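Undergrad: Okay, here's what each chain looks like letter by letter:
4 protein chains.
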Amino acid sequence: MIQRYSREVLSKIWTDEYRYKKWLDVELYACEAWEKLGKIPAKSLVHIKKNADKVNISKIDEIEKTTKHDVIAFLTAVAEVVGPDSRFIHMGMTSSDVLDTALACQLKDAADIILDDIDKLLIVLKRRAQEFKNTPVIGRSHGIHAEPTSFGIKFALWYAEFARNRRRLMCARRSIAVGKISGAVGTFANIPPEIEAYVCKKLGLEVEPVSTQIVQRDRHAHFFTTLAIIASSIEKVATEIRHLQRTEVLEAEEPFTKGQKGSSAMPHKRNPILSENLCGLARLVRSNSLAAMENVALWHERDISHSSVERVIAPDSTILVDFMLSRMTNMLDNLVVYPDIMQKNLDKLGGLIHSQRVLLALVEAGMTREEAYGTVQENAMKTWEAVRDSRKADFKELLKEDPLIKKNIKPSDIDKMFDLKYHLKHVDEIIARALKEGE
Amino acid sequence: MIQRYSREVLSKIWTDEYRYKKWLDVELYACEAWEKLGKIPAKSLVHIKKNADKVNISKIDEIEKTTKHDVIAFLTAVAEVVGPDSRFIHMGMTSSDVLDTALACQLKDAADIILDDIDKLLIVLKRRAQEFKNTPVIGRSHGIHAEPTSFGIKFALWYAEFARNRRRLMCARRSIAVGKISGAVGTFANIPPEIEAYVCKKLGLEVEPVSTQIVQRDRHAHFFTTLAIIASSIEKVATEIRHLQRTEVLEAEEPFTKGQKGSSAMPHKRNPILSENLCGLARLVRSNSLAAMENVALWHERDISHSSVERVIAPDSTILVDFMLSRMTNMLDNLVVYPDIMQKNLDKLGGLIHSQRVLLALVEAGMTREEAYGTVQENAMKTWEAVRDSRKADFKELLKEDPLIKKNIKPSDIDKMFDLKYHLKHVDEIIARALKEGE
Amino acid sequence: MIQRYSREVLSKIWTDEYRYKKWLDVELYACEAWEKLGKIPAKSLVHIKKNADKVNISKIDEIEKTTKHDVIAFLTAVAEVVGPDSRFIHMGMTSSDVLDTALACQLKDAADIILDDIDKLLIVLKRRAQEFKNTPVIGRSHGIHAEPTSFGIKFALWYAEFARNRRRLMCARRSIAVGKISGAVGTFANIPPEIEAYVCKKLGLEVEPVSTQIVQRDRHAHFFTTLAIIASSIEKVATEIRHLQRTEVLEAEEPFTKGQKGSSAMPHKRNPILSENLCGLARLVRSNSLAAMENVALWHERDISHSSVERVIAPDSTILVDFMLSRMTNMLDNLVVYPDIMQKNLDKLGGLIHSQRVLLALVEAGMTREEAYGTVQENAMKTWEAVRDSRKADFKELLKEDPLIKKNIKPSDIDKMFDLKYHLKHVDEIIARALKEGE
Amino acid sequence: MIQRYSREVLSKIWTDEYRYKKWLDVELYACEAWEKLGKIPAKSLVHIKKNADKVNISKIDEIEKTTKHDVIAFLTAVAEVVGPDSRFIHMGMTSSDVLDTALACQLKDAADIILDDIDKLLIVLKRRAQEFKNTPVIGRSHGIHAEPTSFGIKFALWYAEFARNRRRLMCARRSIAVGKISGAVGTFANIPPEIEAYVCKKLGLEVEPVSTQIVQRDRHAHFFTTLAIIASSIEKVATEIRHLQRTEVLEAEEPFTKGQKGSSAMPHKRNPILSENLCGLARLVRSNSLAAMENVALWHERDISHSSVERVIAPDSTILVDFMLSRMTNMLDNLVVYPDIMQKNLDKLGGLIHSQRVLLALVEAGMTREEAYGTVQENAMKTWEAVRDSRKADFKELLKEDPLIKKNIKPSDIDKMFDLKYHLKHVDEIIARALKEGE
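Chains as they are written, first to last, in the numbering used here: chain A, 1 to 439; chain B, 440 to 878; chain C, 879 to 1317; chain D, 1318 to 1756.
For the record, the hints were derived by calculation from the structure and aren't laboratory data.
Since the structure is predicted, the reported quantities are computational estimates derived from the model, not experimental observations.
Everything hinted at is true.
Now the stretches of chain C that chain D is said to cover, found in silico as 3 or more residues with beta-carbon under 8 Å:
1. 1041–1050
2. 1066–1080
3. 1178–1185
4. 1229–1243
Each computed SDA-like pair below joins lysine to any residue, with the alpha-carbon atoms no more than 20 Å apart:
5. B:K504 <-> C:P1133
6. A:K65 <-> D:R1324
7. D:K1356 <-> C:M1295
8. B:K787 <-> D:K1709
9. A:K68 <-> D:N1647
10. C:K1222 <-> A:E248
11. D:K1742 <-> C:M969
12. A:K392 <-> A:Q377
13. D:K1742 <-> D:A1678
14. B:K783 <-> D:N1662
From the three backbone atoms N, C-alpha and C, an ideal C-beta is built for every residue, glycine too.
Only chain A is shown next, with the shape it has when bound in the complex (with noise of 0.2 Å):
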C-alpha cells in the first residue's frame, strides 16, 4: 500500500523484517519440539538459536533471484551463518508449514491492531452518542425529511454496528490463527503431528486440524471479507458525514485545520475529504475481498496461485482498514457539530415532519387508515408546495382549518403533537441498548 494510506503501525508487520522474523520463530521453535524428540543434539539446539538471527536479509533476496523460491533462499542464508548444524532447520518441513504458519502469525498481530482500533473507535462514538442524545435532528429516508430523531441516536446506531463489527472480527481472527506443520501434503509422514502442535502453541496459533500442503483458504477468505464488511461500515458513516457537511445542510462538518486549503481555484472552500477518501478506499478493500474468495478453490493438495494475491492483499487491506480507521475516529472525535442549523432544518417543512403523528391521532379517534392518510396528505401537500414555492406554509394551521379534522381533534391537541421532545422520549432506552452490544 502506498505510503500516503499507511501508518507505520500497522505496515510494519508487512515489512521484510518481520516476515522473516517470523519465518525464523517458526524454524527455531520446530528445533527446539525436535529436541524434545531427541532428533535435536541439545548442544545444535543452542548453536543454532544463538546464531540462526544473525542472517542477513539482502542476503536471502540476492539468493532468491537464483532459486526462484523464496523459503529455499532463507534457509541456505540461514545456513551459511549456522554452518553444519544448519541440516537440523526445517528438518521434515515443507516450505508452507513456514510460509503459512509465519502468515498466520501477521494477519494475527494485524488483527490485534485493528480490534485496537475498534476499540479507540467506540470510546469516541460512546461519548459523542451521550454529547448529543438530546440534540434534535431531523430524520431523512430517501433524503426527504422523515421524523426527527436524536444526533446522539446516530453515534449509538455506529456504536451497535462498530461492536458488531468486533465480533465478527474477533470470529474472523480466530479463523486465520492457525498454524500448520504437517509436511508436503498434510500426512505428517516425516514430522510428528507433536512439532506442529509445540509450535503453534508457542506462536499463540491453533492448529489447523486437516491441512494440505497449506492452511485451508476459506479461512483467509472469512478474515478479507469481514475486513470488506468493516470497511463498508466506515463507508456509510462517511457518507453520513459528506451528506450533513453538504453546503445547503450543514449540521456537521469535518475539522479544517489552520493552514488547510479547500481548494486551488476557489478559496472559500470547505470539503469533507476525509470522508469522501474513507469511501474510496472502502472500494478497493471491498474488491480484494472478492479475490479473497478466488483463492479458495485451489487445486489437489494447493496450488500457488493464491500466494501472488495475498502478497498484495494481506497488506493492503490490513493496513487500509487501520487507516481508515484512525483516520475515522479522529474525524468524528473532532467532528464540528451545529445544533443550531440542526433545528433550523427541522422547522424547515413548516411542519409537516409531524404529520404521522396527526394521522394516527386521527385513526385513534376512529377514522379509518385510509380517510385519515387522505386528509392528512392533502393538507401536507399544500404545506410542501408553499415551502416548495416560498410561500408562508404553517402545516399546524392548515390542520386546525380542516373541518374533517376539527371534528376529530381539538386544536390544542394537535400543538401538542408538534413538540419535539414526543421523538425523543426512549433516546436513553436505545442508547443503553446500543451500548449494551459492545460489552
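Here the structure of chain A is known, so what remains is to put chains B, C and D in place on it, guided by the hints.
TA: Showing chains B, C and D alone in chain A's frame:
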C-alpha cells in the same frame, strides 16, 4: 433464480404467498401486543385475526400499480377484508417495520434449510472419509505429483471446512435473525419498544438494538458473504472432482446415470458436468455478495437502493447455495472411485514421490541439507527425464547406485523408504481431528 | 430476472420459445448449406424445413430429464416430428455449434434493443439540455457550493457520456455477434468452414476466426462489462437526481403520479424512489460482470462452467439494463425542475461562489497568487461563518472594505464580478460539443 | 504495487518525478497558451519556463503536510523557484485541470507500453502457432478427451484473442487519453476553451467535450475493465499451461532455469509456478476493475472519492498487466513442448476419440442419428471400461465386429476413419484466419 437451479424447498420461501404470510404475521403479532397494552379492543383483535388472512394476493398487486408502494397496497387489501377494525392494523408502524422483520424471517428460514443441507453433506463426507482412509493416492501440489496421501483425507479436509462453514453460517444467521418495529426513523415515537419485543419474540428473532427506518445492512452483508464463502468451498470440492475425472487421471468419476448422454457429437464422452456446473454457480453467489456489501452505506436513516438488490440476491443466493449443497452431496455420495488407477498413478514417476524421505535420511546421516538436496535432485531429474521420454525409470535403483548415497544409507534401508504405509501412519489421527470439528 | 424489473420487449428474448427458435434457425440454415454442398437431398431439405418447427417445447423438457443434455433432447424432439430425414440435421455439428451461435443471436438482439433504449434517452437528454441551457444552478464539488454552472450542462454531460456508452455497446455488440460451426474442438473435422460461413451470414453474425468447442468468452466478458459501465453511468445520473431532490436542495423532483404514496406512515413524503431503485440495480449489473470475467479462463477446448453463469446473467443483465434505461428516460423526460429554488440556493452563501473571480482579478492586478488567495480566503471565511451562524452575510461588501483589495480593484469592478452570466458565456459551445458526440 | 511484480519500464510512470513532470507540462503549456492570448508577457513566460523545473520534490511533500492539498503544495513549491512571475501559473485553472490532464498522460503512456507488450506476445504466439501447426494433440472438453486438434491451433486461438484485446485496449486508450482545462465546474468561466485545446494538443490528448470539475469516470472504468479482460485472457492461457504440465498430462512445461528449485522438501519437483502466479495476479486486476466502476457515480460536479482508488489501482493494474504480459511472453517463448507425449496421450483411449466420425458414417449410410449414436456409444463404453480397468482396449476392432456396423460400413473404411490427419486438414486455413485478426 431460474427453475433449473431451484429446489422447491427453498424457493417457496421467496414466493408472494410466503412473503405476504410473514407480513401478516408481523402485523397480527403487533396487534396482539397493542391489545395487551390496551390500545386495541379485544373484540377488534379477534375480528382482525379471523379475517385478515382472507386477503387476496392478486388484489394486492393490482392496488400496487396505483400506489407504487407495496406495503400500502397490502394494507389496503387487508383493510378490504377486515373492515373498519383495520384501522388498528399497522398502528404506529412504518413499512420497513413489516418488511425488514419479515425479511429476517425469510432469511432465517432459508438459513435453517441450508444448515440442514450442510448437515447432510457432513454425513456423506464423514462416511467417505472413513471408507477411503486407507486408500493411498498421490498428493499433488501445483498439479505435479508430490507425496502420497490418503483419499479419505480429502474428504476429511472438506468435512472440517464445511464444519467451519456451518459455524460461520450459524453466526451469520444470528446476524440477520433480527427484527425491528421502531417506526419511521427508529425512535419509537409512535410505537413503544414493547411491541417490538413481543413481535420479535413470537417470530423467533432478536431485536435490532438501534435501528433507523430499517435493520442495518452490515448484517445482510455478513450473511451474503458467508454464503459466498460456502459457495467458494463448494467450488473447491468441485474443482477437485473435475481434476480427478480428467482422462489422464481418472481416479474418480461423477455418477453417470442410465440414458445420460455426454455429447451430441461424441458418443464416448462422460463429463464431470455436475462439478463444472457448481464452479459456475459459485461465481454467481460470490458476485452477489459484492452487491450486498455495497448495500451497507445507505443514506441517512435509510434509502431504498438496497431493496432492488435484495429482491434479487436474497432469493438467488439462498436458492443457489441450497441447490449447490444438495447437488454436491448427491454427487459425492455416489462418486465412483478407482483405487486401482490411483495405485497406477502413484507408480507413474518411478518412485520419485519418495524423494523427500531419502533427503531426510541423508541429512540424518550427517549430510548438510544443501548437499543432500543436490544429490537427490540429480537422481530425481534423471528419473524424471526417463519417465518423460518413456524410458524405463527406477529412482530407487539410481539412488542405490549413487556413491554419495551409498556412503550414507544402506540399500536395504532405501527399499524401506519406498513404502506407502509410511505416509498413512497418521491418517486415523487426522480424520479424528477433522471429525472433532463437526462436534 | 423477476417480473418487477423486466420489460416484455427484452425478456421475451430469453424465453424457451425464442431460444428454441434460434436453435432451429441454426440447424435449418446448416441443412441448407449442406444441401448446397450436395450432402442433403433437396427433397429431404424441403421435408425438414416443412416439419421441424412443429416441435413441441414441453416434449423437449421431458426428454432432457433422461438425457441430461439439452441439445440432444431438442434434436430428439425434432427427430420425432421430422422422421427419418432427421438424420441430416446437426450433421457434423457439436452442441455448442448450435448453442453459441444461437446465444450470439440472442445477445445481438438484446444489444439492439438496448441501443434503441440509449437512442431514446439521448433524445430526452438533448431536449432537456437545450431547455435548461440558460438556467443557472450552483455547481458543487464535494457536495459544497463551488461556482455557478448551467442546469442544461448537466444533461449535456450525460448526453456525451451516453453517446460514448452507445459507441462502447456497438463495439461490444460486434464482440458477441459471432457464431461458430466448427465441430467438437474447432477443427472443422466433420463439417467444412463453408457451413459456418453460410449459417453466420444468414443470421447476421461474423464468424469466430478460431474457436475451440465454443466461441471464446473474452467476447462475452467484453459485453457484460460494457453493460456494467452503462449501469454505472445510469447510477451516476440517478445519484444526481437523488441529491437534487433532497429536502434542503429541492432543485428537481422525480415525477410523482396521482395516487402514489410515499410512505405508509408519513403522508407528506415524496421520495426519489425511481432513482434509488436505479442505484440498486446498477450494483447487480456490475456484480454480474465479474462472473462474466471469471468465465474467460475455461479449461482446454472448453468446460461447461460458463454455462450456468450465462443462463443467469445473460437474461438478468440485459433485462436490467433495458429496464433501467427505460425507467431513467421516463424519469428524466418528466423530471420536475425548480429554477426558482436553484436561484435561492445560488444566493445561499452570500456571494462566496464568486471567490475565484476576485482571486484572479487580484492576481491580474499584480498580487502573487499566495497573497491573493490568503486575502480572499480570509474574507470568505468571515462570510462563511456568518452564513453558518444565520447572521447577515455579504461577501461582496466585505471585499469592498478590505484595504488590500481596495488597493487593487475598484468597488464597481467588484460588483461586476458577481454576475451569473459570466459563468454561462460558453454554454452554447459546451452543449454543441456534447451534441457532436452523438453524431 | 510491490517490487516483485513490477517492471521498471512501467512503474516509473507512477513515480513522484514522473507525475510532477506531467503536472508541470500541463501548467507550462497552459502558460504558453495564455501568452498567445496576450495574458502573460512573453518575458514572464520565458522566465517561468526556465525556472519552473527547478522545483524540489521533497519540498512539495513537506508543504502538503500543511495544506493537505497536493496541487496547492506543488504550486507553492514552484512559486518559490519561479518568483513573482509565478502568479501567471495555474491562472483560471482548478486543481483537477492539472490532475486529470496529467493522469490522462500517465494512463496513455502506460497503455502504450502495454500495447507494445501485446505486440511482443503476438509475435511469439504467431511463431509458435506456425511451429506446431502440424503437431497433433488431443482436444479436451470438460477435461475429457474429445477429438484431436493441432497444438498450433492453441497458439492461434490465443493470437486471435490477444489481437482482439489489442483492439479493445486501443479503444480504451482513446477513452482515457482525454484532458480537460475547463475550470472549477467545467464552464470555462475563468479560462477560455482555447487554453484547453492548446494544452491537450501539445500533450497528444483529445479534449473532454463536456467536463465537470473533472474528466468523467466512465472513461476510466472502460480502461480498467479492459485491463481486467486482458488479465482474464492471460489467466486462460496460464490455466492451459498448468493443465498441460500436470504429471499425468505433461505435454508441455514451463522453462525451468538452472539452479531453480521446485520445493524445499521434494527435490523432484518442477512446478508451473509462472502460470500459477499469472492466475493469481489476474484476480487482482479483475477486482480492481470493480472499484473503477464504483468510481463512476461521483456526486454533482465531482467528489474526491475516486482519487484514493485511482492512486492505488492506476499503478497497480497497469504495472500488473505489463508484468503479466511480459512474464507470459517469456514463458510461452521458451515453453518446452513434448510432441511424443502428446501422441501417447492421443492413444490413451484406445481409439475412442474417433467415435464421432464413425457415428457420422453410419448416419450417412442411412441409420437414424439415434440408432447410430446408440450403437457407437455401446462400443465406446466397452472400450472405455477396458481402458479404465487397464485391460486391452481397441475401439476399432470392436466396431469392426459389431454386426449392426458391419452392415453399414466396410472394415477397411473403418480403418481410414482412425486417421489423425483427417482432423488437421483445415489447420492452415484456421491459422490464416487467426493471423488476419492481427492485421
